[in-house]
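Put together the whole structure using the sequences plus the hints.
Residue numbers (this note's numbering), protein chains in the order written: chain V, 1 to 548; chain E, 1001 to 1082.
Derived from the structure by calculation, the hints contain no laboratory data.
All values derive from a computational prediction rather than experimental measurement.
Ideal Cβ placement from N, Cα and C applies to all residues, glycine included.
Keep in mind that the hints are not guaranteed to be accurate.
[Unchecked claim] Looking from chain V toward chain E, a few residues come up when the C-beta cut is under 8 Å (computed):
(1) L445
(2) G448
(3) V451
(4) M489
(5) R493
(6) R494
[Stated by the list, open to error] Derived CB-CB ranges, DEER-like:
(7) V:H65 - E:S1039: 52 to 58 Å
(8) E:T1040 - V:T50: 52 to 58 Å
(9) E:T1040 - V:G242: 20 to 26 Å
(10) V:A255 - E:T1040: 53 to 59 Å
(11) V:K323 - E:G1054: 26 to 32 Å
[What the hints assert, rightly or not] Sample of chain V residues at the chain E side, in silico, Cβ under 10 Å:
(12) P440
(13) Y447
(14) R452
(15) D456
(16) S458
(17) A488
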Amino acid sequence: VPNALRFSLLLLAASSLLPAQQSGTTPRVVPYPIDLPEGFAEAIAKGTRTMTGRPGASYWTNYAHYELTAEIDPATARLTGHAVMTYENRSHDSLSQLVVHLYQDLLKAGTQRTRTVALTNGFELGTVLVDGEKVRPQARDTRLTIRLPEALAPGAKTTVTIDYAFDIPKAGTAPRMGHEGENVFYLGYWYPQFAVYEDVAGWVADPYRGNGEFYMGYANYDLAITVPQGYLVRATGELQNGEEVLTEKARAALAQAATSRDIVHIVDKQDLAAGTATATSASGKLTWRFHAENVRDAAVSIGKTYLWDSTTAVVKDKFGPGKDGTTEIHAVYEANAGDWKRGAEYARHTIEYMSAHVHPYPWPHMTACEGIIGGGMEYPMMTIIGGNQPAGTIAHELIHMWFPMLIGSNEKRYAWQDEGFTSFWTTLCRDDFTGGSNGPRRDILGYGNTVRRGGDASCMRHADTFGTDNFTFAAYSKPAAILHQLRAMLGDRRSSPPSSVTRAIGRSSIPTRTTSGTPSATSPAPTSTRSSARGSSRPGSSTTRSAT
Amino acid sequence: VIERDGKTQVTIEDRGRALHFAEIEATYADGSTEQRTVSTSIWRDHTTATVTFGPGVTKVTIDPDLASLDCDRTNNTWAKKE
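Quick look at the structure:
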């Protein structure tokens, strides 16, 4: 079994026993040196990257601002949208083109897919303007390449305006989004989004095939979502016009939830029965406005049958060491959704745990939404989670707020990073909530069992290249088990709460982003992490006897 | 596992290719335990390693804390025959 770890006790006769210093001098297979990819070596030479993994002095990331206006007609499940997307070139290069993802085209006839879907027309594009000038859109394989009339110079901005519409797929017929009749809608990948232009590889715009997730640049968002009154809307970002869309009762309850760790019912069964879940308007429609900064995506949840619970999570060190802050916690779920009545409690625990152990949660709210899909899917500040027993999935999807939402990794090419780190921390977080300590043991034994059965698969593969191979093992369980082992190598007991050494497994990978979207140096330095681990005494490495 | 000159010598073999330290736990007749670590670096040049415990060991276990990704745990324990 390649790369598997196998130890065994040798039951040797005395005559054949070799002293340690002479034993087994066969040359071993040792880890081969890692070749630097060409682009990465060039980026080091240019000063945008470093060999420690920290950003170089000249590091940059491009940035965008999305103004997204959309109206959803629940009766026809159709979204009509208008996107004003400004791209800011913070690179050192002149850009002759822009690449825009059209994720809904996954569902179009003729698109190559790694998931089964029900066909739609994908994005139906109307007028496309670049700085006010009409261009002819040529969408191809879930992407739109826009040749710019004039190259976009370093430091310059350009604005792309796109009119579009699409039929929202039924729940279960498309990954990560959809609608359940006229009651619940979840919008993910619902607007044209700029691909990433980066310092190492230039444009990175792999097509959307279904299995592989996403790689997105950071941006600010202004959303205006119009729906009939009576539909609750939650979205990435802070609600800007609560006084227009929420009832007085809901606003009072939210104010109470914002200063309390109690679970407060914002919209309850009586509100749903009385038709007083939202404010009303003369037109019968309401436009919900949200503003978000420094996120890599935005999602929207719309529900006519949702209950709404809120509470507050303490965010340790939010404003610097010793300066704690808070964030809003929300859960929206239908009345028959089992354990979802504890959804806000589960969400609060995860945000508090991860803020204390890995990095302070930086955003104004975290919302867990029930329904639509089996399992769960993460979006900044928003998750969609199916099933009536959501505790474990809520922990998993919320931990994605750190990986990849904060680290900004490429999930398509390196799924093991966001899913592996998330799975590792999910185990520790769930043990903390339940008061157990058996999670890491289960993960480590599970790894060995899968490998012994012949189920091993390589982690470092593009997520769309897994056929019938075990993607969940390669991207989730295996890297998580390896991180448990790394934790042991760094000197942390498997069944103990994470020490500073374990916390560094998450923390050192997270760049601190300023509002400009440029990561700056973070704590702790990888080198100091290593030396402190080496200097610490590992439990069990001494020769002390302990009675059992 | 052999007892010689008032000591217990335990030899383990690395049958895989990933390098990882190994914790070895010896249990004595009175129920007390003692641990030794075979460091990762030993496996760069060797496929076996020997550690030494005191006399009277009744049981030996590799990786008692389940810290390593061993994919065959059926050969990780030795118990003294009565």
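Hints and how they fare:
The interface hint given for L445 of chain V is met, as the beta carbon of that residue sits about 7 Å from the closest beta carbon of chain E, less than 8 Å. Given hint, G448 of chain V at the interface with chain E, holds; its Cβ is 4 Å from that chain's nearest Cβ, closer than 8 Å. For V451 of chain V, the interface hint holds, the least distance from its beta-carbon to any beta-carbon of chain E being 4 Å, beneath 8 Å. A hinted interface residue such as M489 of chain V counts as satisfied when its beta carbon comes closer than 8 Å to some beta carbon of chain E; here the least separation is about 7 Å, so the hint holds.
Given hint, R493 of chain V at the interface with chain E, holds; its Cβ is 7 Å from that chain's nearest Cβ, closer than 8 Å. About 6 Å separates the beta-carbon of R494 of chain V from the nearest beta-carbon of chain E, less than 8 Å, and the hint is met. One distance hint, 52 to 58 Å for the beta-carbon pair H65 of chain V and S1039 of chain E, holds here, with the actual separation near 53 Å. At about 26 Å, the beta-carbon gap between T1040 of chain E and T50 of chain V misses the expected band of 52 to 58 Å.
In this structure, T1040 of chain E and G242 of chain V break the distance hint of 20 to 26 Å, their C-beta atoms being roughly 57 Å apart. Between A255 of chain V and T1040 of chain E the beta carbons are some 56 Å apart, a value that agrees with the proposed interval 53 to 59 Å. For K323 of chain V paired with G1054 of chain E, a C-beta distance near 53 Å fails the hint of 26 to 32 Å. For P440 of chain V, the suggested interface contact is upheld, since its CB lies about 8 Å from the closest CB of chain E, less than 10 Å.
Evaluation of the Y447 of chain V hint against chain E yields a held restraint, the C-beta minimum of about 5 Å falling below 10 Å. A hinted interface residue such as R452 of chain V counts as satisfied when its beta carbon comes closer than 10 Å to some beta carbon of chain E; here the least separation is about 5 Å, so the hint holds. A distance limit of 10 Å between C-beta atoms decides the matter here; for D456 of chain V the minimum to chain E is near 8 Å, and the interface restraint holds. For the restraint placing S458 of chain V at the interface with chain E, the shortest Cβ-Cβ distance is roughly 13 Å, beyond the 10 Å limit, so the hint is violated.
Interface restraint check for A488 of chain V: the shortest CB-CB distance to chain E comes to about 3 Å, inside 10 Å, so the restraint holds.
When the structure is compared with the earlier hints, violations turn up for hints 8, 9, 11 and 16 and for no others.
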